[in-house]
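If you're matching them up, the sequences are chains A and B in order.
Quick note: the first sequence, position 58, residue 58 per our numbering, numbers continuous.
Quick note: the second sequence, position 82, residue 793 per our numbering, numbers continuous.
To be clear, the hints were calculated from the coordinates, so they are not data collected in a lab.
Watch out, some of these pointers could steer you wrong.
What the hints assert, rightly or not - Using 16 Å as the maximum straight-line C-alpha spacing, the simulated EDC-like pairs for lysine to aspartate or glutamate come out as follows:
1) B/812 - B/848
2) A/415 - A/442
3) B/812 - B/869
4) A/19 - B/1028
5) A/208 - A/152
6) B/764 - B/798
7) A/537 - B/798
8) B/772 - B/802
9) A/290 - A/442
10) B/856 - B/798
11) A/296 - A/285
12) A/227 - A/211
13) A/536 - B/934
14) B/721 - A/61
15) B/714 - A/72
16) A/483 - A/550
17) A/537 - B/802
18) B/983 - B/1027
19) A/208 - A/230
20) A/648 - A/672
21) B/890 - A/517
22) A/536 - B/720
23) B/962 - B/916
24) A/536 - B/801
25) B/983 - B/993
26) B/764 - B/741
27) B/714 - A/68
28) B/962 - B/919
29) A/278 - A/263
30) A/177 - A/120
31) A/278 - A/230
32) A/246 - A/152
33) A/19 - B/993
34) A/30 - B/720
35) A/177 - A/242
36) A/537 - B/801
37) B/721 - B/751
38) B/714 - A/442
39) A/415 - A/77
40) B/762 - B/741
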Amino acid sequence: MSGENQGGAIVPYSEEAKKPVVYPLRHGLKPPISRLGISWSRGNSLRVTVFRQPSEDSENEVGGKAVEVRLDGRDGEISDAQWRRIAYGSVSPFALLQSRKNSFASLSKISSTTSPFDAEWWEYVLEYSKDISSLLGNQTSTTQSLIEDPKEVLKKDPEPSNLKAAWELMESFYADKLSQAWLPERLVDWLADYDSLFSSTQETVHSKLVDFQKDLVSLQVIEDEPKYWEVMSSALAVGWLDIVVKLLRLHGSYQLDQLGNRETENGLVEAVAVLISKMPRMRPELEAGKLGECFKAKPDFMKAWEKWRAQIAKLECSTFWIQCAHRQTQEGLRNMLQIMLGNTNNLCTLTCHWMELYIAHFLYIRPFTVGLESMYGLAQKCIQLKPMAASHRLMGLLIGILGENIEVVLAECSKGFGPWMVTHAIEVLTAGSHQADTLLHEERDNLGGISMEELHRLVYAQVLSSHPLTWQIAPIYLTSCIKQGMGLLEMLLYKQPVDHNQLLLKNLEICRLYELDSVSSNIMKIAGMYNWKHGKKGSGVYWLQQARDEARLNRIAQQMFDSVGRSISDENFRQWEGLIQLLGSEPKTAGGLEFLHNYRDFKKSLLQIRDGKTTDAARQAVESLISLMKNPCTPQRFWLPLLHDSLKLLNWEERPLLNVLQTNLLLNKLQELSIARLRPDFIEADLPPHALSSVRLALATNLGRTTLEEQ
Amino acid sequence: MDKAVATLDKGTTCSSWNYCGQRLATGSTDGTLSIFDSPDPSSSSFTCNLKTKVHAGAILKVVWVPPEFGDAVACICSDGSLLLWEEIVEDAQPLQWKLCKSFESTSTQVLDVQFGVSSTSLKLVAAYSDGHVKVYELLDPLILKNWQLQAEFQNAIDSVTMFRKASCISASISWNPQKGENQGSSFVLGFNSDTPQLNSSKVWEFDEAHNRWLPVAELALPEDRSDEVYAVAWALNIGRPYEVIAVATQKGIAIWHVGANPELDGRLSVEKVALLSGHGGEVWQMEWDMSGTTLATTGSDGMVRLWQSNLNGVWDEQAAFQPTA
Chain A
1 MSGENQGGAI VPYSEEAKKP VVYPLRHGLK PPISRLGISW SRGNSLRVTV
51 FRQPSEDSEN EVGGKAVEVR LDGRDGEISD AQWRRIAYGS VSPFALLQSR
101 KNSFASLSKI SSTTSPFDAE WWEYVLEYSK DISSLLGNQT STTQSLIEDP
151 KEVLKKDPEP SNLKAAWELM ESFYADKLSQ AWLPERLVDW LADYDSLFSS
201 TQETVHSKLV DFQKDLVSLQ VIEDEPKYWE VMSSALAVGW LDIVVKLLRL
251 HGSYQLDQLG NRETENGLVE AVAVLISKMP RMRPELEAGK LGECFKAKPD
301 FMKAWEKWRA QIAKLECSTF WIQCAHRQTQ EGLRNMLQIM LGNTNNLCTL
351 TCHWMELYIA HFLYIRPFTV GLESMYGLAQ KCIQLKPMAA SHRLMGLLIG
401 ILGENIEVVL AECSKGFGPW MVTHAIEVLT AGSHQADTLL HEERDNLGGI
451 SMEELHRLVY AQVLSSHPLT WQIAPIYLTS CIKQGMGLLE MLLYKQPVDH
501 NQLLLKNLEI CRLYELDSVS SNIMKIAGMY NWKHGKKGSG VYWLQQARDE
551 ARLNRIAQQM FDSVGRSISD ENFRQWEGLI QLLGSEPKTA GGLEFLHNYR
601 DFKKSLLQIR DGKTTDAARQ AVESLISLMK NPCTPQRFWL PLLHDSLKLL
651 NWEERPLLNV LQTNLLLNKL QELSIARLRP DFIEADLPPH ALSSVRLALA
701 TNLGRTTLEE Q
Chain B
712 MDKAVATLDK GTTCSSWNYC GQRLATGSTD GTLSIFDSPD PSSSSFTCNL
762 KTKVHAGAIL KVVWVPPEFG DAVACICSDG SLLLWEEIVE DAQPLQWKLC
812 KSFESTSTQV LDVQFGVSST SLKLVAAYSD GHVKVYELLD PLILKNWQLQ
862 AEFQNAIDSV TMFRKASCIS ASISWNPQKG ENQGSSFVLG FNSDTPQLNS
912 SKVWEFDEAH NRWLPVAELA LPEDRSDEVY AVAWALNIGR PYEVIAVATQ
962 KGIAIWHVGA NPELDGRLSV EKVALLSGHG GEVWQMEWDM SGTTLATTGS
1012 DGMVRLWQSN LNGVWDEQAA FQPTA
């Protein structure tokens, strides 16, 4: 696939793959299905409701199913728990790299000499890459038994994963600047670690070794077995030198009782083993236990290589071969020498797929290969000679990398390994290639003005959002998206349920962290309404206050007016009392609250009087009444209920409680009310019909009594 | 990849998930409203906790009221009435679902209803079988009982002519899903009717200054204006400089870009960027994902299809789902 003919697709299709993949949607219902309904849940999980056509025959049949479809593009290779571990683990390396990037960017504004491609920057990227890589599993087994089993030629690796293999490719080619000089050797190591991943679809050197390992225990005379020689040669072809030497040393001629009469034979075996273990390698170092001699500088390596090849050639022409009586040994060893001499035919027969052949080429035919261009050419040649039985996502990725086609690399990452991979791999990709940097950061009109980097982060954030255990880390990625990240974050937060307090608090914490005030006030509004309507009036008021939702708070205050205004004997006054307290006394939060407070005090005093308390309480009640009636905040429709409630005060037996001035004030209010009643929009209070006249009578009586008293 | 989350009763005809996907409301042929909940927010298994008979006839459609106004649903019933039911605790009574408003109409039927939240209020748009559109506004944010009819008009650019004998089979309404304080109210609406002028999807915007609704865009090419509209869906916009609206007719699913700012004549610039064919016949429903980039559709071919635009702005079908037993 080349980048030009894919029409710039995010995931490139070949022409015949243009038709979309059709996935089955299992619902388990008996046909006929009458209709479908769809709804996006959080993130990118889609809920499909399947409705069944009702049939007459059975009573208890099911009428439909709601099915959730996850579109996160993950395969089953990694378990859900492991995946979440990776998702959580990659947050801090990612965030650290972003913050370093930001500080680099601000530095480069000051001095033009600093660019993100500086040496220091490389170290950061490599550190990031190593952190991510370590999350994907440890390749080398950590638990090694103390007593080594001589017949265990192949160490059991802890399940290598395609994801880890892909990440290592990205790291070798883009993040690790130091490895650029010895890329072929890195690929040798890579194949040694991951050849087993190809075994599921075809034979590999690894699978040959696994098979032979099983037979090994039952074999008496190992060197008589043709498979022994074949497996060793294959392993040698792909450079697994330690395994080959270990196998060679299982040769019968090493046994003490045979050493005497098989001296020459044993000498030849040992000579080959020594030559193998002394193979010059163009690399800085080798892992412990691996064989070969390392050379950092190319001239030294070339010199050593020539010498080594000369030694092999010399051994090949040696006369000792005639003295070797064991035919299989003689043939097998000479075959191995041919491999080391770079015999193309041998290499081609002994390897199972192009990648193995490719590695063999690097080791024995073109050990001085450098540069991606020649590596790509060689890969093409090997693919022709030994194509893979089935296409493999790792190979697609490798070809893209070797072909220096960033679009293909991106597409293969996305198609083969999903949104997590692309999002995190972009960091190493842009650090390692100017072309990628430009391609990924270019703002595209067709994407609504965002870059591909941002697009991939948004997609990944959506995947995170679709799971209740991972949505909380989505904001880290969203806030790294300059253009649309905040918009998506707002949507994500809005779609979190408010009816669980812990979740609500977490949600609000995220809002606070990213200064999303309007979102947080909206969330609190929803929480307030939820509580208010579900009988938790106190929490309702609390959240609405937090949200500064004056419209709703005013309505609540209004409802209280209505409720408390009904009658003094109303039992639910006690219920409301707490709420009035909660609503606070700031007139800003809710108008008319001052009134409610006064009203509460007034009612309290009245209750005390009714409970048989003293004249003092009555005096207090009168004061409250007067201040309520004087206050312009007190709604007119409360006047009559207030006065009606106060009848007992107006008719106080011991002595009149109101002076002339106060009585006149109330009479004036009553007069005002009588006029207001004539207007059409007047709301009649819910009181007995004679309420007004009894109040008027009481006031008139009081006026009379108090005038007399004052005189 | 797929997992059953709820099992519905016999006779269920419609369903709707609430804003956070934690509650499912379904309606059935016998007029029963069922509410499904999950025990905790991390669970994705929903069981029916409430069934209440809300109507003598069938429920045809259920729509959740925005959460800022409580837990409530609107039910469109087979006789064309529209009922609002609410979950509420009143006085000392336990939690229950109660009817809080019934919009009844004798001669016409409600075909679709959708709610729009603006900074101050809740608006309800209902499309009727006679081609009329009514916009109601909630008077008290605490109580879903009192609604005021704010406007009534027909889905035509020319507001003078009245189409008296329109007969509509279905209608589809989609509000501009944008949240935020300075966002005005707008929605898109299309009809499937026998009156060509009413069919094509129009974007309606509320003109605060003159307190009226104005058609600001028509989402149909001149030759397609009489096409019956099956469904409309306004995409979420998390930062694009333009709006994206999907319109389904018998010709396929059209993707429209709508400019954000009005031109001199007050109209919004529109551009049809794609016409997708997939479902063959009728499109039942279209839904945009939370980033407004993936469109999910379902229709009479019994499939669910997902659509996306690639880097060159070319729209393609990304995947399809075939329901199987």
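Results of checking the hints against the structure:
Of the pairs offered as hints, the one joining residue 812 of chain B and residue 848 of chain B holds, with about 13 Å between alpha carbons and a cut-off of 16 Å not exceeded. Between the alpha carbons of residue 415 of chain A and residue 442 of chain A the distance comes to roughly 21 Å, so the proposed pair goes past 16 Å and is violated. Taking the CA atoms of residue 812 of chain B and residue 869 of chain B, the gap is about 33 Å. The hint is violated against a cut of 16 Å. Proximity of residue 19 of chain A to residue 1028 of chain B is assessed by CA-CA distance (about 8 Å); at most 16 Å being required, the pair is judged to hold.
Taken as a hint, the residue 208 of chain A and residue 152 of chain A pair is honoured in the structure, with Cα atoms around 14 Å apart against an allowance of 16 Å. Pair hint residue 764 of chain B plus residue 798 of chain B holds up; C-alpha atoms about 14 Å apart against a cutoff of 16 Å. For the given pair, residue 537 of chain A sits about 15 Å from residue 798 of chain B by alpha-carbon distance, which is consistent with the 16 Å threshold. Restraint check: the Cα-Cα separation between residue 772 of chain B and residue 802 of chain B comes to about 31 Å, which exceeds 16 Å; the hinted pair is violated.
Between the alpha carbons of residue 290 of chain A and residue 442 of chain A the distance comes to roughly 45 Å, so the proposed pair goes past 16 Å and is violated. In summary, the hint linking residue 856 of chain B to residue 798 of chain B is supported, as the alpha carbons are separated by about 13 Å, within the 16 Å threshold. Annotation: proposed proximity of residue 296 of chain A to residue 285 of chain A holds, straight-line Cα distance about 8 Å (limit 16 Å). Between the alpha carbons of residue 227 of chain A and residue 211 of chain A the distance comes to roughly 10 Å, so the proposed pair stays at or under 16 Å and holds.
Taking the CA atoms of residue 536 of chain A and residue 934 of chain B, the gap is about 57 Å. The hint is violated against a cut of 16 Å. For the given pair, residue 721 of chain B sits about 6 Å from residue 61 of chain A by alpha-carbon distance, which is consistent with the 16 Å threshold. Between residue 714 of chain B and residue 72 of chain A the alpha-carbon distance is near 14 Å, which keeps this suggested pair within the 16 Å criterion. A threshold of 16 Å between alpha carbons decides the hint, and for residue 483 of chain A with residue 550 of chain A the separation of about 32 Å lies outside it, so the pair is violated.
Restraint check for residue 537 of chain A and residue 802 of chain B: satisfied, since their Cα atoms lie roughly 11 Å apart, inside the 16 Å limit. This hinted pair checks out: residue 983 of chain B and residue 1027 of chain B have alpha carbons roughly 15 Å apart, not beyond 16 Å. Distance check on the hinted pair: residue 208 of chain A and residue 230 of chain A sit about 9 Å apart at the alpha-carbon level, within 16 Å; holds. Distance restraint check for residue 648 of chain A and residue 672 of chain A: the Cα-Cα separation of roughly 22 Å exceeds the 16 Å cut-off, and the hinted pair is therefore not satisfied.
Proximity of residue 890 of chain B to residue 517 of chain A is assessed by CA-CA distance (about 13 Å); at most 16 Å being required, the pair is judged to hold. Pair hint residue 536 of chain A plus residue 720 of chain B does not hold up; C-alpha atoms about 32 Å apart against a cutoff of 16 Å. At most 16 Å may separate the alpha-carbon atoms for a hinted pair to count; residue 962 of chain B and residue 916 of chain B exceed this at roughly 27 Å. Taken as a hint, the residue 536 of chain A and residue 801 of chain B pair is honoured in the structure, with Cα atoms around 11 Å apart against an allowance of 16 Å.
Taking the CA atoms of residue 983 of chain B and residue 993 of chain B, the gap is about 20 Å. The hint is violated against a cut of 16 Å. Taking the CA atoms of residue 764 of chain B and residue 741 of chain B, the gap is near 8 Å; set against the 16 Å cutoff, the hint holds. In summary, the hint linking residue 714 of chain B to residue 68 of chain A is supported, as the alpha carbons are separated by about 5 Å, within the 16 Å threshold. In summary, the hint linking residue 962 of chain B to residue 919 of chain B is not supported, as the alpha carbons are separated by about 36 Å, beyond the 16 Å threshold.
Annotation: proposed proximity of residue 278 of chain A to residue 263 of chain A is violated, straight-line Cα distance about 22 Å (limit 16 Å). Only pairs whose Cα atoms come within 16 Å are accepted, and residue 177 of chain A paired with residue 120 of chain A is accepted, the gap being roughly 11 Å. Distance check on the hinted pair: residue 278 of chain A and residue 230 of chain A sit about 21 Å apart at the alpha-carbon level, beyond 16 Å; violated. With a C-alpha separation of about 9 Å, the suggested pairing of residue 246 of chain A with residue 152 of chain A holds against the 16 Å cut-off.
The suggested pairing of residue 19 of chain A with residue 993 of chain B is violated, with an alpha-carbon distance near 21 Å, which exceeds 16 Å. In summary, the hint linking residue 30 of chain A to residue 720 of chain B is supported, as the alpha carbons are separated by about 14 Å, within the 16 Å threshold. In summary, the hint linking residue 177 of chain A to residue 242 of chain A is not supported, as the alpha carbons are separated by about 28 Å, beyond the 16 Å threshold. As the CA atoms of residue 537 of chain A and residue 801 of chain B are separated by approximately 11 Å, the hinted pair is consistent with the 16 Å bound.
Pair hint residue 721 of chain B plus residue 751 of chain B does not hold up; C-alpha atoms about 26 Å apart against a cutoff of 16 Å. With a C-alpha separation of about 39 Å, the suggested pairing of residue 714 of chain B with residue 442 of chain A is violated against the 16 Å cut-off. Between the alpha carbons of residue 415 of chain A and residue 77 of chain A the distance comes to roughly 15 Å, so the proposed pair stays at or under 16 Å and holds. Proposed proximity of residue 762 of chain B and residue 741 of chain B is supported: the alpha carbons are some 12 Å apart, at most 16 Å.
When the structure is compared with the earlier hints, violations turn up for hints 2, 3, 8, 9, 13, 16, 20, 22, 23, 25, 28, 29, 31, 33, 35, 37 and 38 and for no others.
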